[in-house]
Amino acid sequence: MSENRRVALLLILPTILYLLVFIGYPLVSTFIMAFSSDEGFLGNFRQLMSNKDFWDALKNTVLLTAVIVPIQLVLAIGLALFINSRFRGYSFILYVAAIPLALSDVTAALMSYTIFAPGGYLNKILINLGLIQRPMYFFGFMYKTREFWIIALTEIWRATPLVFVIILAGLQSINKEYLEAAEVFGFSSWRRFFKITLPLLKPSIMSALLIRTLFAFQIFGVAWLLAGRDIPVLAGETYYWYTQMNNPNVASSYALIIALVTLIISYFYLFGLRSKHLEEGVRA
Amino acid sequence: MMKKFLIYFTAVMVVIWFLTPVLLIIMASLTPADDYYNPHRIFPTKLTLEHLYKLFFVLDGWKATLVSIEVAAISIGISFLIGLPAGYAMTRYVFPGKNAIKLMILLTRSIPLIVIAVPLVVVYLRLNLNDTVLGVALAHTSMILPFVVLITSSIFSGISVEYEEAGMIFGMTRFKAFLRITLPLALPGLAASAIFAFIMSWNEVFVASILTLTNRTLPAHVLNTAMTSPDYFKFAVGTIMAIPAMVFIFFTKKYLISMWGISLK
Numbered sequence: 001m002s003e004n005r006r007v008a009l010l011l012i013l014p015t016i017l018y019l020l021v022f023i024g025y026p027l028v029s030t031f032i033m034a035f036s037s038d039e040g041f042l043g044n045f046r047q048l049m050s051n052k053d054f055w056d057a058l059k060n061t062v063l064l065t066a067v068i069v070p071i072q073l074v075l076a077i078g079l080a081l082f083i084n085s086r087f088r089g090y091s092f093i094l095y096v097a098a099i100p101l102a103l104s105d106v107t108a109a110l111m112s113y114t115i116f117a118p119g120g121y122l123n124k125i126l127i128n129l130g131l132i133q134r135p136m137y138f139f140g141f142m143y144k145t146r147e148f149w150i151i152a153l154t155e156i157w158r159a160t161p162l163v164f165v166i167i168l169a170g171l172q173s174i175n176k177e178y179l180e181a182a183e184v185f186g187f188s189s190w191r192r193f194f195k196i197t198l199p200l201l202k203p204s205i206m207s208a209l210l211i212r213t214l215f216a217f218q219i220f221g222v223a224w225l226l227a228g229r230d231i232p233v234l235a236g237e238t239y240y241w242y243t244q245m246n247n248p249n250v251a252s253s254y255a256l257i258i259a260l261v262t263l264i265i266s267y268f269y270l271f272g273l274r275s276k277h278l279e280e281g282v283r284a
Numbered sequence: 001m002m003k004k005f006l007i008y009f010t011a012v013m014v015v016i017w018f019l020t021p022v023l024l025i026i027m028a029s030l031t032p033a034d035d036y037y038n039p040h041r042i043f044p045t046k047l048t049l050e051h052l053y054k055l056f057f058v059l060d061g062w063k064a065t066l067v068s069i070e071v072a073a074i075s076i077g078i079s080f081l082i083g084l085p086a087g088y089a090m091t092r093y094v095f096p097g098k099n100a101i102k103l104m105i106l107l108t109r110s111i112p113l114i115v116i117a118v119p120l121v122v123v124y125l126r127l128n129l130n131d132t133v134l135g136v137a138l139a140h141t142s143m144i145l146p147f148v149v150l151i152t153s154s155i156f157s158g159i160s161v162e163y164e165e166a167g168m169i170f171g172m173t174r175f176k177a178f179l180r181i182t183l184p185l186a187l188p189g190l191a192a193s194a195i196f197a198f199i200m201s202w203n204e205v206f207v208a209s210i211l212t213l214t215n216r217t218l219p220a221h222v223l224n225t226a227m228t229s230p231d232y233f234k235f236a237v238g239t240i241m242a243i244p245a246m247v248f249i250f251f252t253k254k255y256l257i258s259m260w261g262i263s264l265k
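Heads up: the sequence lines are chains A and B, in that order.
Under the working numbering, the residue at position 48 of the first sequence is numbered 48, and the numbers go up by one with no gaps.
Under the working numbering, the residue at position 212 of the second sequence is numbered 212, and the numbers go up by one with no gaps.
Only chain B is shown next, with the shape it has when bound in the complex:
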């Protein structure tokens, strides 16, 4: 009895600790300004979408959100396009230098993006990529690509090579066997890693704000404007940033532990 009580008590404390800030910022973003600035009022008398509306349509939040989504989509696209074959090769083939390559990819994961951001600006100026969506996406790809290689490699290694070989015995080419057999089996894992990649890009702020001036992603936009705007806009931004991330993590619950082990972040 005592033990049961302790377990539930701890559980409630954990939930309070993790959920309170999230719930408070959502509530704050829906609180009318008068209620928020009234120190004697904790809970709002009514809820309003005014701040979210203004953030989206007056303060360019809508544009920044779109840029964020575009950046994430492009970098996920490129990362999977070139990272997935590499991940496949890392598990299915033996070749000289494999360990060195793996080590190199691991090492790139630990190089902070902060270090590569400044020189990228110089390169981008020459290539006319400065302040473009593509430019940020290419930089985010360099963060997401190593993750994709490592994660796809481990997903494929969880799918027995024998299935593929069976397909090849029945006359499929290796490529076809991969496409028809391994890929469908890997799909849930791949989808989960794409979601993780999305969150990485959605949350990245340093590079995005150094590489752009007008085409800012949502966090970069916030970093540079939010702190000078009224409090309730900050809460609106926080809410908009938090909700997709929370929804996505809900869908990848099953992969949570293994995935974060690999993403290192």
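Just chain A, with the same shape it has in the complex:
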């Protein structure tokens, strides 16, 4: 037994050491950097909060999350129910719907740009249909509202499949007998959905929601490429303060705020939900 224990610890040790060096240590340094400045303990945070950009970034990040996550959830549930009905050729649709999973935020942003650029396909189509004479502009600092919605749309396009696969996995683990029983008792399909499927799907929905919220707070590539600092977001400000202002301390404070939010969300995730799909593995 103790022999086994030694072997097990030996096998795990490299991983633990690696994570300590490359995650633990930087994490601690981020703390130290964030809390050290010439103006005392909270100097960086004071500087950061006195800046209008921080509040804009916080506002935008929260707003984007609030817009993106619920829409994604609804679309994903619809899509999962649709694909789970197993019509002929559903596996092709499944593959198509999974494509954005493999695309980075940078790629998604570029695709969105293909459509909404001044010379992009949306403008080309509208001009060809004679609906507009000159191209419409979606980017640039005069069109912040449009930029915001394009970012939201791009993120919805890119990350809905993530929510979708989690929901689909949840749907597939629902015991069909419950639904059959309900059918025997004459439940309409609406009632079956609201009384049986939805409650049983709740754990998957919750974990999908939390994971999405987690990543929505880290939104960077899409916003940075499409809007630059017109629509500041928290991760974008981290990047800006680090690369353009050469101020790693303020950058660290930003990073720490993102980390804090993330930790709070994942706390709920780990302790409140104990997600099932994490344990299930590759057998599905």
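Think of the hints as simulated: they come from the structure by calculation, not from any bench.
Heads up, some of the hints might be wrong.
Computed beta-carbon distance windows for the label pairs [as the list claims (entries may be wrong)]:
#, chain 1, residue 1, chain 2, residue 2, range
1, B, L183, A, M245, 29 to 37 Å
2, A, R46, B, G77, 27 to 35 Å
3, A, W149, B, L183, 24 to 32 Å
4, A, E177, B, Y163, 27 to 35 Å
5, A, R146, B, I16, 21 to 29 Å
6, A, I264, B, T228, 34 to 42 Å
Ideal Cβ positions, reconstructed from N, Cα and C, are used throughout, including at glycine.
For chain A, the structure is supplied; the task is to place chain B on it using the hints.
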């Protein structure tokens, strides 16, 4: 009849929604500049590889692509080298602190890389790793390693321990039994997870662009140069970024759902 129509209608809408942006960017990257800048022309009169060629050979895209591949290869290598034994231990052994370790690994998955990127620069400057391929790879490993531990652990738990034990009864050592029996059975799953790990690294942009100046990976290169170059180069970059990812996801179709559940992303 009505129901069938509705199903196909929805299916077509889904395909249009997901595929249009992908197809458009591929088309745009092959469209000659004159056709692209002509607002009255939607479809190109002819296709050209000029933009892709220029991106690769004039704008250093080739180098960035190579860096991306190197970074991914190194981080996958390290992650499997040290993560696979850990994943094995997590399923096959009982030991004190196992749950705590598992929790720790799960937690590291939810720490954004953004948080660790800035201090890594300081460390790297001291170790002369700044602006190197290895430096980015080591940072990406810290993102991929926890994923590898979790995923290999669940792959191994899907392979009955009895096969191994049978091998050991016939005189194999545990290591040999693992190598000869469990590993071959796990191989398809492991290959799929390596592909996922590749995509994670291939797509990561924040850390890669903070840690490097000259040795940029493809997305980092794009983030810092593409928006100032002409539109058709952006499309060329998007196409190059998208195609490997789509091909890879095609090969891992079977594992799609379970894998993304674990990768959390």
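Okay, the hints, checked on the actual structure:
1. B:L183 x A:M245: 29 to 37 Å: violated, 50 Å
2. A:R46 x B:G77: 27 to 35 Å: violated, 44 Å
3. A:W149 x B:L183: 24 to 32 Å: This hint is violated: roughly 50 Å between Cβ atoms.
4. A:E177 x B:Y163: 27 to 35 Å: holds, 32 Å
5. A:R146 x B:I16: 21 to 29 Å: For I16 (chain B) against R146 (chain A), whose Cβ atoms are near 23 Å apart, the range 21 to 29 Å holds.
6. A:I264 x B:T228: 34 to 42 Å: Cβ of I264 (chain A) to Cβ of T228 (chain B): about 38 Å, so the range 34 to 42 Å holds.
When held up to the earlier numbered hints, the structure conflicts with 1, 2 and 3 and fits the remainder.
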